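I would like the entire structure built from these sequences, with the hints used as guidance.
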Amino acid sequence: MKVLLLALLILIPCLASAQEDTLRGDYRLIVQANLGFSQARIERSIEVDKADYSPLGFLRTLRLIWRPDHLLGMGVETGLLRVSNLIVKQDATLPTGTTLELDAIPVLLIFSMEKYGIELTSGVGMYNYRVNATLNDADLTASTQWEIGWMLGGGYAYPLSRSFSIGGDIRFYSITERQVTLTSLSAKVQWQLWY
Amino acid sequence: MKITNYASYAVCIAILLISYGVESCNSELRIIVPDVELLAPTLQGTGVIPNPSRKLIEGVYAVSQGNGRFGDTVILKHDREALSIFCQKNSTYMVFRSGTKDSSILYAGYWRNAQSPQTGLCTLEIRPNDGAGAILRATRPETLTIRGAVGGSDALPSEPLVLKYVRPLFERKRERTDGKFWIIAHRGGGRNSDRLPFSENSTELIKFAGKLGANGVEIDVRLTRDGVPVLYHDENLNTRLIDGEYMVGAIGNYTFAQLQELCRLKNGERIPTLDDVLRTIVDSTALTSVWLDIKEPSAIEKIIPLQKKYLERAQALQAAGKRDTLEIFSGLATDEIYQAFIAHPEHASVPSICELSVSQTQQANSKVFAPRWTLGTLQSEVSRLHAENRRAFVWTLDQPEFIVQFLNEGNYDGILTNYPTVVAYNYYIRR
Chain A
1 MKVLLLALLI LIPCLASAQE DTLRGDYRLI VQANLGFSQA RIERSIEVDK ADYSPLGFLR
61 TLRLIWRPDH LLGMGVETGL LRVSNLIVKQ DATLPTGTTL ELDAIPVLLI FSMEKYGIEL
121 TSGVGMYNYR VNATLNDADL TASTQWEIGW MLGGGYAYPL SRSFSIGGDI RFYSITERQV
181 TLTSLSAKVQ WQLWY
Chain B
196 MKITNYASYA VCIAILLISY GVESCNSELR IIVPDVELLA PTLQGTGVIP NPSRKLIEGV
256 YAVSQGNGRF GDTVILKHDR EALSIFCQKN STYMVFRSGT KDSSILYAGY WRNAQSPQTG
316 LCTLEIRPND GAGAILRATR PETLTIRGAV GGSDALPSEP LVLKYVRPLF ERKRERTDGK
376 FWIIAHRGGG RNSDRLPFSE NSTELIKFAG KLGANGVEID VRLTRDGVPV LYHDENLNTR
436 LIDGEYMVGA IGNYTFAQLQ ELCRLKNGER IPTLDDVLRT IVDSTALTSV WLDIKEPSAI
496 EKIIPLQKKY LERAQALQAA GKRDTLEIFS GLATDEIYQA FIAHPEHASV PSICELSVSQ
556 TQQANSKVFA PRWTLGTLQS EVSRLHAENR RAFVWTLDQP EFIVQFLNEG NYDGILTNYP
616 TVVAYNYYIR R
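Residue numbers (our numbering), protein chains in the order written: chain A, 1 to 195; chain B, 196 to 626.
Derived by calculation from the structure, the hints in this document are not laboratory data.
Here the structure is a predicted model, which is why all the values come from computation and not from measurement.
A few of these clues could be false.
[What the hints assert, rightly or not] In silico DSS-like cross-links for lysine-lysine, where the CA-CA straight-line distance does not exceed 30 Å:
#, chain 1, residue 1, chain 2, residue 2
1, B, K284, B, K375
2, B, K250, A, K89
3, B, K296, B, K359
4, A, K50, B, K461
5, B, K375, B, K504
[What the hints assert, rightly or not] Label-pair restraints from in silico Cβ distances:
#, chain 1, residue 1, chain 2, residue 2, range
6, A, T78, B, S575, 58 to 66 Å
7, A, D139, B, Q555, 39 to 47 Å
8, B, D471, A, D139, 23 to 31 Å
From the three backbone atoms N, C-alpha and C, an ideal C-beta is built for every residue, glycine too.
Below, the structure written as structure tokens:
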């Protein structure tokens with residue numbers, strides 16, 4: 001992971017140098033909505049007997065990005081990332097049917113560089129890490145905790161009109177102290193609020 | 196390129212460096228114990244060293260070879276069948292398994308620096324002519340020499356180590372406390388950051404505490420959502436203490452069954468119940484003191500019956516000659532805990548340790564007053580408590596120079612520490 005961050009340190013000046021000299025222009029405000037899948041990698045996972053476990057899940061995110069007339073835009077990202085879920089299949093210590101869902105709500109300050117529809121994004125902030133345990137649809141345990149983390153992403157948006165674009169993103173989220181990482185593939189819709 | 200692009204570039208680098216820094220926040224500490232199984236052949240086919248013989252081996256020894264690594268003097272002390280050595284230099288200690296074979300006494304184990312990751316394997320032998328013959332006949336030999344070898348990390352021992360018996364261990368002459376001094380291991384033996392072979396507040400670490408020189412343990416007690424008292428220090432389930440992805444937020448949000456199934460302490464143990472731990476202490480250790488650091492007032496109702504149950508069990512074993520005395524104290528560390536404790540109808544007859552003040556110690560009829568070490572030696576207060584047949588323990592002393600200072604200048608009856616090996620060396624070396 002640290003190698004990836006260092007590689008981006010080299011990549012960013014190349015993108016920055018592609019910026020053309022222009023006069024100061026208008027500011028733009030962009031809304032991006034993404035829907036996709038994520039795969040979690042969890043270092044501190046422990047094996048639970050007699051249970052179905054899945055580190056795959058849906059990703060739903062929303063971004064608001066302020067793009068000034070220079071290359072670097074900034075904004076915020078939130079959403080809902082499914083980290084993993086587990087269903088107890090046979091009575092062990094926990095009763096059959098106990099379901100645990102682990103989600104993370106990112107609240108990230110993001111920095112984005114976009115040129116020719118290609119966008120690179122990085123973000124730092126907090127994840128509201130939350131677990132919900134249920135049995136036969138009745139709540140057993142709901143607990144949350146804020147965790148520090150970051151994200152990196154890249155994608156492309158094809159303009160359908162001056163206001164709307166569609167495209168896709170590959171993103172990497174890290175909930176650092178928990179040693180949880182998510183790799184995601186998502187489709188996005190982008191709407192330019194004003195320009 | 197315009198100035199704004201340079202600014203953009205600078206900001207991006209800053210962001211990536213911040214991300215790099217955030218990624219580096221993760222601070223895993225590896226628990227380090229050399230592979231002692233490499234020394235298994237040393238003890239193959241050996242018998243158990245009789246208890247009276249073990250007592251004769253304990254003492255202060257001069258290091259005539261190997262003092263570069265361990266200093267000039269070491270302390271040898273047994274915890275049941277295991278031998279521990281506490282060294283003068285670098286807060287180093289050694290832990291050995293033992294056995295006897297062909298009139299020799301053999302030890303195989305490892306050494307470790309208590310405050311750094313340095314460690315290695317070690318073997319020791321007392322040959323028949325070096326004193327083993329007399330010791331195995333339960334008589335004190337005229338001279339006693341222990342020869343051995345030490346190695347680094349997992350390397351087989353090769354550097355020579357020779358120890359020569361000098362004098363018996365220091366014992367405090369004080370009728371009021373039966374000559375005892377309490378070396379109390381914090382969180383059952385030490386913190387996770389001390390890289391001990393077991394997790395803090397685990398049953399396994401508590402069983403190991405005697406090998407670290409402790410004769411008492413301090414453990415942290417919290418309640419699960421279904422009211423089971425368990426050992427856990429922090430309010431939240433966090434990566435410092437546990438593994439398990441579904442463990443998020445306060446420990447009090449989870450039932451005991453959920454904790455058992457979904458979470459492990461850092462070295463793979465399960466979070467133990469207070470009931471199980473007290474049973475282990477009574478039945479399987481030689482510990483003489485347990486300090487229950489109660490983390491929430493509502494736990495007191497659950498703790499006091501367990502405290503009484505295991506005090507009675509220990510007294511029964513003591514009466515049968517199967518164990519030494521055992522004291523189990525409720526720890527009163529905050530005003531909320533104190534108020535909940537004195538509101539309990541049986542509080543005056545329940546042994547407690549009060550950390551708050553001398554007057555509150557008296558009001559709660561606590562047997563022990565336990566001030567923070569930064570308050571100093573508190574000579575007059577401690578003398579006043581001794582006159583009332585109470586004791587005083589100081590917490591949490593970790594720096595060797597302060598441990599020596601408090602032993603020499605203070606009049607405390609016990610020290611709570613993360614480094615019981617350091618307290619043990621500096622206590623038993625005294626004359």
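Hint check against the structure, violated hint numbers in rising order: Violated: hint 2 alone.
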